[in-house]
Each structure stands twice: as C-alpha cells, then as structure tokens.
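Colleague: Sequence:
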Amino acid sequence: MASTIQSVDVSIAKLATTFQTAIKATIEAESTPLKKAQTLKDDLVVRSSIYTDIKANFDGLQSAVQALISTQASFGLSMTRKATVSPTTTGTTVLSATNTDSAAVGEYDITVGLLAKSNIKSTSGVSSADVALNKSGDFWLGGDGTGLAALQTETTPGEYGTFAGGNSVTGAVESTVATGKRELGTGDYTMQVRDYNGMRQFRMVNADGDAVSVRSQSGSSYTSAWQSMTSGTYDTGRGQTLTLSTDGSAESSTFHYTAAGKKISIAVTDSLRTIAAAINAATQPEGRDFKASIVSNQLVLSGAQTGVNHSLLYSDGVGLGLDTVLSSARNATFKVNGMDITKAGNSNLSDVIEGVTLNLASDAENKTARLSIGANSDKAVGLMNTLVSKFNTALTHLQGKLTSTSSVGADGKTKYTHGPLSGDTVFNSLRTDIFARMSPSRVYSNSGSLSRLSEIGLSFDKDMKLTFDSAIFSAAITNSPTDVTALMDAGMGDVNSLLARYSGSSGALSKTLTSITDQKTSYEKRITKYNDALAVRKQALYTQYLGYQNQLAEYGRTQQLFDAFYGTTSTTSISG
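Residue numbers (the numbering used here): 133 to 708.
Please keep in mind that the hints were generated in silico from the structure rather than gathered at the bench. Here the structure is a predicted model, which is why all the values come from computation and not from measurement. Be careful, since some hints might not be right.
Stated by the list, open to error - Here are the simulated lysine-lysine pairs, DSS-like style, with alpha carbons at most 25 Å apart: (1) K597 to K187; (2) K661 to K173; (3) K511 to K467.
Use the sequences and the hints to build the structure in full.
Modeller: Structure representation (structure tokens):
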C-alpha cells in the first residue's frame, strides 16, 4: 500500500490549526509523485510474489519430469529389487534381509544350523563383589603375558616361524601402535592385492575376511577400503610395518600376528568390582577384546565379538580362576540353496548373497526360510505419482492466476474479477503447450513399442487434472522396461524442453524476477528521494508558517498596547 509522509509532527503540531491545515494540504498535493512511485512498487511486489510461486511450481515439475528421462542425472525410472522372507515354520522369524538393486532376482532356501556365539567365562563366587580378593599380579588382556608382539608365517598348522615375504609384501615386522589407535588382536591377517584401472591397490582383512582399518599410505588418515599401493616401507599404525612392492604379483599375502596385549596390575586390595572396572577401561587389542561384568558375585568375561577367531585371549598372572566356560566361541553355520556357509557373526552378513545383507534371528537355529528377491516397481510408481502431483499443482495454480471470475451482487448485477495474469499471452501459451505435450493420445516416435502416454497409465479427468493408473504402469515397466524408458525419454524429453524455456536459473521466469527486482530497487531509490525532498519541503513550510504565526502574535501584542493607551478593547488573538 502506498504511504505518505506524516503531515503533522511534533513541531508542526505547535502551530495554529489553520497553519497545520495549510501545511498538510501542501504536502499532500506535492506527494503525488511519491504515491505513484509507491503504488508502482507495491504492484511489483505483488507481481514478484506471483512469479515466484509460479517458478517454484514449474521448477518442481521440471525436476519430476527429469527424473523420468534416462539421460538426466536424477533419472530413477527403473525396476528395483525387493527382498521377502518366508519362514517355513509359522510364527518364527529365522532371518531378515535388505538388498540393493544389484541383487539378482531369484529364490534362496536358507537353512540355519547354529548361530554364532561369543566366548564367555567366569570365576567362582566370592562373598561380596566389593571385598578385597587378597590377590595380586599382572593380568594381560589379549596377550600371552610376555608383552611382546610377533609377526610370523604359519609353517605347519598351529606352528609359526619367521615371516616369509613374497608377492607384493616382501617383508613384515612388528612395530609400535600409533597414538590413539588399538593394536590388532592376535590372529591371521591377509594383505589383499589387486590391479584396478591400471593401479596397484591393497587392503588388509582379518581371518573372517572382514576389512580392518589401517593407515592410509597417502596420509595420516585410516581406512578399511582399497587404497593405492606404492613401493617401500608401510606402517599400518596397528602394530605392523610391511615392505610393499608394486613389482610383485597381485597374489594375497597372509601373516600371523601375535598381539603384545594390554597389562593391568592387580593389588591385594582390589575387589571384583575394581578389577572389572579396570578391564572395561583398558584399551584392548581389536578382535580379541572382551567386557567384564559381575553376576552373582562372580567375575564374568564376555567376548565382544562372536566366532571362533574371537575367543577370549588373556594371561592370568593373578590367579582369578576363570575356569568356568559359560559359552564357547563358535561360528554361525547355515546352507544357502544347499551350499554350506560359515560366518563369524549373525548380523550384517553382506558377503553371502551378492547385493543382499542377511541378519539371522535369535530363533533361527535348525529352521528354514525362503528368501525371494523380486523385481519391484514401487520406486518408479512413486516417481510417476510425483509427476502427477507436481503437474496438477503447477497447472491449477497457473489457471487460477489466468482466469477471470464472475459473481452476482446484491443489486443483481454481475461483477467480473480479472486474475492477476488474465490476458497474459505468454502464460496462456505455456499452459496450452504443456497440456498438448502431456496429451494421452499424442504419438511420440521412439525406438520402443509404446508411443502414447495412455499406454503407461497417464490420462486427464473431466476437470483436466492429470491422473495415473499404477496398475497399467507397473505391468508395462515390468514386462517392457526398455519400451517404457524409450517412451518417457521422448515424451518427457519434449516436456522438459518446453519447461526449460521458463524454469531454472536461466529460464524466462528467473529473468523476469531479476527484472522485477531491478525495477523495485529503482522505485525504492525514487521513493527515498521523494521522501527526502518532502521532508525538506515540510521543514521549509514549517519555518515559513512559524514566521507568519510569530508576526501575527507580534501584531496582536502591538494592538493590545494601543488599546491600553487609548482606552479601547481588541479581541484579536492567535491560538494553537
């Protein structure tokens, strides 16, 4: 709404009413250019809001359209994979599964034998958890009690000798663990090597085949991913230093590492409670670590990982007497379509079926379930629904701005209200063009067997709202995915070309909004200039009329002197 400069301020309010009225009338008369500029600016603000809304709607529509075109980076119109688990025994879970779209469509019968377990041991009971045990000595976590690490090669099963280099690992020795890092636990480790895109790469995996985090050869960070290999000495930061050679073969090299472990010293005053706290606070070798708890006044050690490669490893120089085996470490065993599988854990099993991650349930032992990986159109259907929603939102909003409406007043006369864009040929043309290109009967020539959008479930209802039949679409994309893609590339490509002229950062709408912003800035400067000029003018008028008022007051005082001198009376007065 246009505004005017306030005509009466504190100073002017002290003038006679007649003078205030005169100043106000003068300012109002001279405010005409200001009012016009303000009105034009307000019109631009309204127009900017309309164009901003239209642009947001059509930008959203263009994004929905581009997600259906195979040449666009956001393309997602494809069949995905969906995992379904059907236990043989009603009321059981057996397993759950997640998958990526790389999973092959198929059926997998999974029969679980044993679940993986961690190693758990306990001491005999004592009278109280906080009573001193009167025992002392060193208790080694993850080590053999010598405090010495060793890096060797297995010569015969269970027998180890000096490391024998070969392939891309020509030498290996134990070394200091990097500050802030955990030593790798005792066990077999393999340096896997590959040539990838003309580059020699490596990573380290443990005895379970899981990649472990080691220092990046190119910096100080750590990674479990494949990394580039350069020849020379390489410190893993986890207790091993290897000599690498890119000239060696790409065969894997395996070594056995014996961890030094972590020592805690026990005093005669220590109780089960203080010993458990010391164990849990210690930085233990990874893969052989365990947690301590107290159950029924017995110290219980529980392996942090399941599987035979993660059994408890410690050296009890205190005589705590961890003689009771509550659970032996074991691997999970199961069959997939008759193939025997052994894994150290029960969950996050991502290397059993390509593209699938399995999680064995607690009730899985000696039970069977069928895992079905099927083609699924849910994602594609979702993208089509988004297209319909964005189309209807954009076109309904635009129609509301283009349309003139009529209403009958109390006097029985019909009044017409024009839409803010009524008569705008550009937007009328856009609306007509996009409806023509989205027409279900329009023929789009392409390399596939489908040529009309109606063949994939798109149509218009009686109110010209775009509708979508997901059953027709799902059947089409399931049976003829390449034909659907070809049709959408042609049809949506045509729509995208039209929208590109209006949407985005370089479209007509963006350029118009920039122009409107520039015009608003120009009017704002003009308004400021007018306001400044009127402020100066008002000050001048105030000074002028204040002089008049002072003169009249002086005349009044002179008249009073004459009246007093000649004995006459005057009624002349000037009041505010």
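Colleague: Each hint should be assessed against the structure and marked as holding or not.
Modeller: Here is how each hint holds up against the structure:
Between K597 and K187 the CA atoms are separated by roughly 20 Å; this keeps the pair inside 25 Å, and the hint holds. Between K661 and K173 the CA atoms are separated by roughly 14 Å; this keeps the pair inside 25 Å, and the hint holds. At roughly 32 Å between alpha-carbon atoms, K511 and K467 are farther apart than 25 Å, so this suggested pair is violated.
Consistency note: the structure conflicts with earlier hint 3 alone.
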